[in-house]
Each structure stands twice: as C-alpha cells, then as structure tokens.
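Guided by the hints, dock chain V onto chain Y, whose structure is given.
Given next are the chains, with one letter for each unit.
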Amino acid sequence: MDFNKKYTPQTWPDHPEQVTLEGKNKFLGFWLFLGGETVLFASLFATYLALKNKGPSGMEFSTNTLFELPLVFIMTMILLTSSLTSVYAMYHMKNHNFRGMQTWLAITVLLGLAFLGLEIYEFNHYVHLGFHYGQSAFSSAFFTLVGTHGLHVVIGLGWIILLMLRNAKRGFSLYNAPKYYTASLYWHFIDVVWVFIFTVVYLMGVVG
Amino acid sequence: MDFFDRFAVPHPSFLIYASMVGIGLTMLAIVVGITYFKKWGYLWREWITTVDHKRIGIMYLLTALLMLFRGGVDGIMMRYQLSMPENTFLDSQHYNEVFTTHGIVMILFMAMPFIIFFFNFLVPLQIGARDVAFPRLNALSFWLFFMGMGLFNLSFIIGGSPDAGWTSYFPLAGNEFSTSVGTNYYMIAIQIAGIGTLMTGINFITTILKMRAPGMTLMKMPMFTWSAFIANVIIVFAFPVLTVLLAMGTMDRLFGTNFFTTDNGGMDMLWANLFWVWGHPEVYILILPAFGLYSEIIPTFARRNLYGYKSMVASMVVISVLSFVVWAHHFFTMGQGPFANSIFSITTMAIAIPTGVKIFNWLFTLWKGKIEFTTPMLYSVLFIPLFTLGGVTGVMLAMSAADYQYHNTMFLVAHFHNVIIPGVVYAMLAGMTFYWPKIFGFMLNERLGKWTAWLLTIGFVLAFIPMYITGLDGQARRMYTYSESTGFSLLNMVSFGGAAIMAIAFVLLVYNIYYSIRYSPRDIGNDPWDARSLEWSTHTPIPEYNFAITPQVASTQAFWDSKKNGHELFKGEIEKIHMPNNSGLPFIMSCMFFVFGFAMVFSIWPVVIVSLIGILACLVYRSFEQDHGRYISVEEIKETETRLRGAKK
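Those protein sequences? They're chains Y and V, same order as listed. So the first sequence is numbered by my numbering: it starts at 9 and just counts up by one. So the second sequence is numbered by my numbering: it starts at 5 and just counts up by one.
Pulled out of the complex, with its shape left as it was, chain Y reads as follows (with noise of 0.2 Å):
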C-alpha cells in the first residue's frame, strides 16, 4: 500500500478511513478506547451522583444556590454547533475538499476555545464565591467531573490543531484519513459527554 499516493476527487475512496489495514484497526481500536471513556465518566458521573450536595455542615452552596442555567445553556449550545461543524469537515473529507475540511475544523476548533473560556469563566466564578476544589466533597465531585470533560475538550482542540498543522501542506492521504476521521469521533464523543453534564449536573441540580 502506497500511503503517499495522490488521489483526485473521483478516486478517492467512499470510507478513506477504513481503506488501509492500519485505518481499519484504528478505527476499531478508537471505537474500544471510547468504550473505555465511557467507564471513565459513568465512575465519575457515579461519584458525583453519590457527592452531591454533601459538604460540611450548614454548607451554604449546592447545585440550587450554584448554578446558573443561561451561561450553561450557551455553552452547551456552542459545543453542540462544534459538533455539527466538525461533522461539515468530515463531509468534505469524504469529498476530497481539502480547504473545505480545513476551514470548518478552524470553526470547530473556535467553538471549542469559545467553549472552554467560558468554563474557566464559570469555574473562577465558583472559587471566587469560595466553592473550591477542596471544599467539600460536593465541590471535588463536581471540579473533577467538569473539569475531567473540559480537559478532554483541551486534549481534543490540542489533537485537531496539530492534525491541521502537519497536514496543511499535505494534503489527503489515507495515511491520515483515519487520523482525521478518529479525531472527529473523538470530538463528537466530548460533545456526547457534555450533553450528559448538562443534564445530570446542571439541569437536575436546578430542576430536579
């Protein structure tokens, strides 16, 4: 298999991600990886749910006095669009438009950084109101929760970034198909996760 070959709109492949054995088992193998997040985030959904509200006593935050649902609704709204973005970039990909898969992962990656400040926006807000890492358990319980996500939302802005630099001159290949398409699914699943937050941490600490 020659990775470096040139391909031309009409040759390249429907799936350029699963062409090559290596796309294959990348393919799979991210699959199993995002199995293992999943575990990930239930044990720490199941850690929170067991945490919340519990603090020393007479303490005054919890998820009613805490949270604020507008600037979460639009966080919530700007991660959602990035994975619609992200999805624009695979589309072009499958069509051979380099540029076109190149712009909207910029777009993507914007909506992530938008995202991303206004968390740190959100989690300085919260020490400043002296609800800190180690508060109490409820506080630790939600840092490492939202905080876990939004190192993974790091992690994957720091992953699409590098994957543009480097193949910015490079153009397709199905060398880096897989790399594209494992880094949008990565992307998506960190959108999946957030929804999750959304509703267990935020919309049943307030409704619920």
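No lab work stands behind these hints: they were computed from the structure. Please note that the accuracy of each hint is not assured.
What the hints assert, rightly or not - Cut-off 20 Å, straight-line C-alpha distance, at most; resulting in silico cross-link-like pairs (SDA-like, lysine to any residue):
no. : chain 1 : residue 1 : chain 2 : residue 2
1   : Y       : K102      : Y       : T16
2   : Y       : K62       : Y       : V208
3   : V       : K214      : Y       : L36
4   : Y       : K13       : V       : A251
5   : Y       : K60       : V       : A251
6   : V       : K642      : V       : G576
7   : Y       : K187      : V       : E629
8   : Y       : K13       : V       : F628
9   : V       : K58       : V       : L648
10  : Y       : K187      : Y       : E30
11  : Y       : K60       : V       : D267
12  : V       : K568      : V       : Y311
13  : Y       : K32       : V       : T221
As the list claims (entries may be wrong) - DEER-style ranges, computed between Cβ atoms:
no. : chain 1 : residue 1 : chain 2 : residue 2 : range
14  : V       : V465      : Y       : S70       : 39 to 47 Å
15  : V       : L616      : Y       : H196      : 40 to 48 Å
16  : Y       : H133      : V       : G260      : 47 to 55 Å
17  : Y       : S70       : V       : I27       : 48 to 56 Å
18  : V       : V611      : Y       : L42       : 28 to 36 Å
19  : Y       : P17       : V       : S627      : 36 to 44 Å
20  : V       : A318      : Y       : W39       : 19 to 27 Å
Here a beta-carbon is modelled for each residue, glycine too, at the ideal position from N, C-alpha and C.
Frame of chain Y, contents of chain V only:
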C-alpha cells in the same frame, strides 16, 4: 538538607538497609556487565526499541519472574513472622508494609505481566497474524507497565513502602493515618502501569477482531485466544474505573480534596465500592487466560479435541458479565444491609455454574483420552481438584450471613490463595513449560519440572490448608502476631514449612532453567509436544514475520488437521511482507512518565511540570512523524525459510 530528608525511609530496619545495598550493587553489576560486554547497542536496537510482539512478550515474562521472586520473599517473611507466637522478626509497621507490597506485587506486577506475556506471545501466532494491531502502542504498554513496576519497587528504599493493604481503603490510606509517601507510590505507580494495561486491552481486542487468518471465524479460534479476547474486553471496561479511583485517591492525598475523607461530606465507602468494581473483574482478567491455557494443554496431552468448545466460550462470556455484578461480596460486613447482601450473594454463587461447566468440560476431555503426563499436563491435572476446593470455599464465603464469621480471617486468605495459586500460578508455570521450546528453542527438563510441580503442590497444601482451620478458629488476617494462648502456633508453623517447600520449588524452577540452558538438546523441531494450534506450525526460532505465507484455517484445530487429516495450511506463493519499524519513542516517553510519577510522589512540582511537557512533546513528535514501516523482500524471506528448514535437519 531538608529537601533530601523526605527521601529517607521513615521506619528503617537492617533488612531494608541490606536490600538498599543489594539493589545498588545489582544495578551497578548490570551496568558494568553490559558496558564490559559492549551490549548497550544490542540492548537498544534489539530490545528497548523493539515493537515485535514476541520480544515484548519475553520482556513481560522476565519482569513477571522477577516479581514472582520479590513477592515470594515478601510471602515467606510473613509466614516466618507468624510461624511462632510473639515473634519479633518483623514489627507491626514492617508487617503492614510487607503484606501490602506482597498483594500488589503478586497481582499487578507478577500475575498481570505473566498473562500479558501469553497474550503477546501467543495471540498473534494463534490467529496467524504478523504482529498485533498497534505494535508501537504495544511497546508503550510494556514500558509504561515496566516503569510503574519500577516506581512501585523503589518505594521501600526511597521514602517508605505503602502500608495500607493492597486495597488501601480510606480513611486508613488518607493523609491522617498513612503519613509516609508510601501510599502516594501506590496511587501513582499503579496508575502508570494501569494505563499501559488499558492500552494492551484495546490493542488485543482489535488484533483478535481484525487480524485473524482467512477461514478463522470467531468460533474457530483456539480457546486461549477466546479467553484472551474476553479478558481484554474486561480490561477495557474495568481499568478505567481504577484510573478514576487512583486519580481521586491522589487528589485526596496531594491536593486536599474530599472524596474519601470522613468530614466535609466525603464518603470512605465510595473507595471500597469503586475499588472492587475494578478489583473483582481484575481477578477474572487473571483467571480466564489461565483457563485458556489449560484448555490448550489438556487436549494436547489427552490427545482429544477439547470437549464442549461452544459451552467453554459461553461460560467465559457468562463469567465476564457476572464479574461486574458481584463486587459488594468483598465487604458484606460493611453495612449495606441484608437486601443488597442477598443479591450479591446470589450473583456470586451463580459464578460457580459457568466455572463448573468448564471443570466438567476438562474432565470430559480427559475421559478416554490417551493421557501423557508431561509437566504442563501434571500442573493441569493438579489444578482441577485444588481449584475446585478453592471454588467450594468461595461459595462458602459467598453466603453473606455466614461471611460475618469468615470476614477478614485467615479463611479468606486461604480461599483466595487456593484459587490464585492452583488457578493462575499453575497455569502460568504450565504454560511457560509448554511454550518454552517455542520461545527459546529447547525444552525444560521434564524430570526437574515434575519435581517442581509436586514440591509446589505439597508446599501449597501445607501452607494454605491449615489457614482454613485457623481462620475458622478466629485468626485475623493482617495481624502481625498472636499470643501463645490462642493455640494457632502449630498450624502456623506447618504453614511456614509449606511456604519453605514452595520456595524450594521455585529455586528448583530456576535451577531447571539453568540446567536446561546448558544440557537440553536443541534439535527438537517445530512441534515437540505434537500440539494442535497454529503457533506450532511455524519454525523454531520463530522468524520475525511469524508465517512466510498466511495460513488458511478450516477448524478449531487447524494445525492438528494439517498433520492428521491432510488439511493444507500454507497455500500460495511467498509475497513481500509489511512490518513495523522499531521506535525508541515508547521507551523515552515511559521514562518521562517515571520521572513524572516520582516527582508526583514527592510533590516536586517543577519536575512534574517539566516531565509533563516532555510527555506531551513525545505525543506531538509522534503526531508529526511519518513512519510507514518497511517491507521484507521475497528473496529475504526465502533465504530465512531455507535457513530455518535446514537448521532442523
């Protein structure tokens, strides 16, 4: 000097100082030896940078054997301490450290690498593949595991051993009660090794699902590959829990969070629950590949097909599912109430059913077989009754009402050693003896091997059966001494005698390896045991590409069919073979993990940050690197094949 004070051992003894000197001298001897024989280049090119699954497997094997002896020394020290009432060989603190490291070393740094050695060495050969799905990730898995192991083993000479038990329950493992850095080592070293194991899991599931030889459907896979597949699925779904658990434990110890604390709303039982949500599947990760090995060895030496292939597979699947729903049986007495206890009792006892199916399948395989008592077969035949005994006492422990009597007594210690030693350790030794000729090109001496097996068994029975009795009489585990009036001393002395016999058996094993290296014949061919699956169909020594032509499979016993029933295994012409390149990156990255871990243990933040940047830089470098592997040409393959065939004559 304040900076260096933290590295001192908080509770030293003569033995620890002697070990320091011993370790220092050994390291020096290794470095001088390698330099004197000018082997650094060889070591770097052929081993440290290798991505070959066979070589990575051998490195796992060496680590496992090393740790077997380290953990064994811990074990024998404990048995000696308890052999007499009011013994002063170890004080309470040292006893705590010894039972903690014994547990962790034996489970995580002996049994795990031993089974991963078998995954690495056997799975690609059994499915007719050239390597694993992600060879470089495989190297990274090994080196992360190795560095985690190394970091953990540093603990007792730098900064102090962990001493809160291998389960490290909070609040005992919290800063208040575990004041040395020992428990930091526990949290961080196991974390690093665990990340490596998780990657192994992903790697081998992908390998088994995507890289099987043509014709090998899932239900035609050799039984060991099936067991490896299921064990790796359990790894992928259990180890992330450990990752989270250890991360939270680290946070509690280093950053003052309140997950498991007793004030500020923390919940110490959360640790116990999450630990066993990982910990129980973990023991099935160990035992299922052991079952797989027995399922390879027993048919080979009974000269019959494995009885009940489909029920073997089904029972392993059932065990893997049940393994995730029994965790609370480790703490029946810790207050979840009769309703929850009843449910976990029933799920636990249910595991006896699929395990019983497997026992009967092995017995039916033996039935009317032409049994040949080689060393591996001897281990397998000894395994069946001893493991059944361990299983039966397991069902006793599963009864939650009765467990209030057994909980935290030597009865429990007897039970889990009774399943792990005849179950896992016998399988590892049997498998090692069985595959030794394929790995190294000569057989281990059979006579010495059988002596080892019998001595080990006699030692095992003497060491552990008395514990059932003292346990029922109320001797608690993890107690460093007892008084004369308890009446435990005779049986504990018998236990020590048994442990000493086991130690002799392991020394005999080492002697056997030495003896066989010197005297064993080398012209044993490719298939000395007249075995049944694909790994025996290639040359010994195995060429780096494993099979010159990809084998064609039509049954569960492909190689046997090719020998007895005229099935043609290798059809077609030799073509050029694509192989991965060696890489030093996994090793370098793992070294940075080691530095990172060490700095975390002692909270040296500048080093933590620098090593973290180093780890990220390795990732970035990998991302920018262009490495498509290389091809082995047809001429080169033909030359190798002729040479290997010629060597046999």
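Here's how the hints hold up against the structure:
no. : hint                         : verdict
1   : Y/K102 to Y/T16              : holds (11 Å)
2   : Y/K62 to Y/V208              : holds (16 Å)
3   : V/K214 to Y/L36              : holds (8 Å)
4   : Y/K13 to V/A251              : violated (44 Å)
5   : Y/K60 to V/A251              : holds (19 Å)
6   : V/K642 to V/G576             : holds (14 Å)
7   : Y/K187 to V/E629             : holds (13 Å)
8   : Y/K13 to V/F628              : holds (18 Å)
9   : V/K58 to V/L648              : holds (17 Å)
10  : Y/K187 to Y/E30              : holds (10 Å)
11  : Y/K60 to V/D267              : holds (15 Å)
12  : V/K568 to V/Y311             : holds (19 Å)
13  : Y/K32 to V/T221              : holds (18 Å)
14  : V/V465 to Y/S70: 39 to 47 Å  : violated (58 Å)
15  : V/L616 to Y/H196: 40 to 48 Å : violated (27 Å)
16  : Y/H133 to V/G260: 47 to 55 Å : violated (21 Å)
17  : Y/S70 to V/I27: 48 to 56 Å   : holds (52 Å)
18  : V/V611 to Y/L42: 28 to 36 Å  : holds (32 Å)
19  : Y/P17 to V/S627: 36 to 44 Å  : violated (27 Å)
20  : V/A318 to Y/W39: 19 to 27 Å  : holds (25 Å)
Hint compliance for this structure: hints 4, 14, 15, 16 and 19 are not met, and every other hint is.
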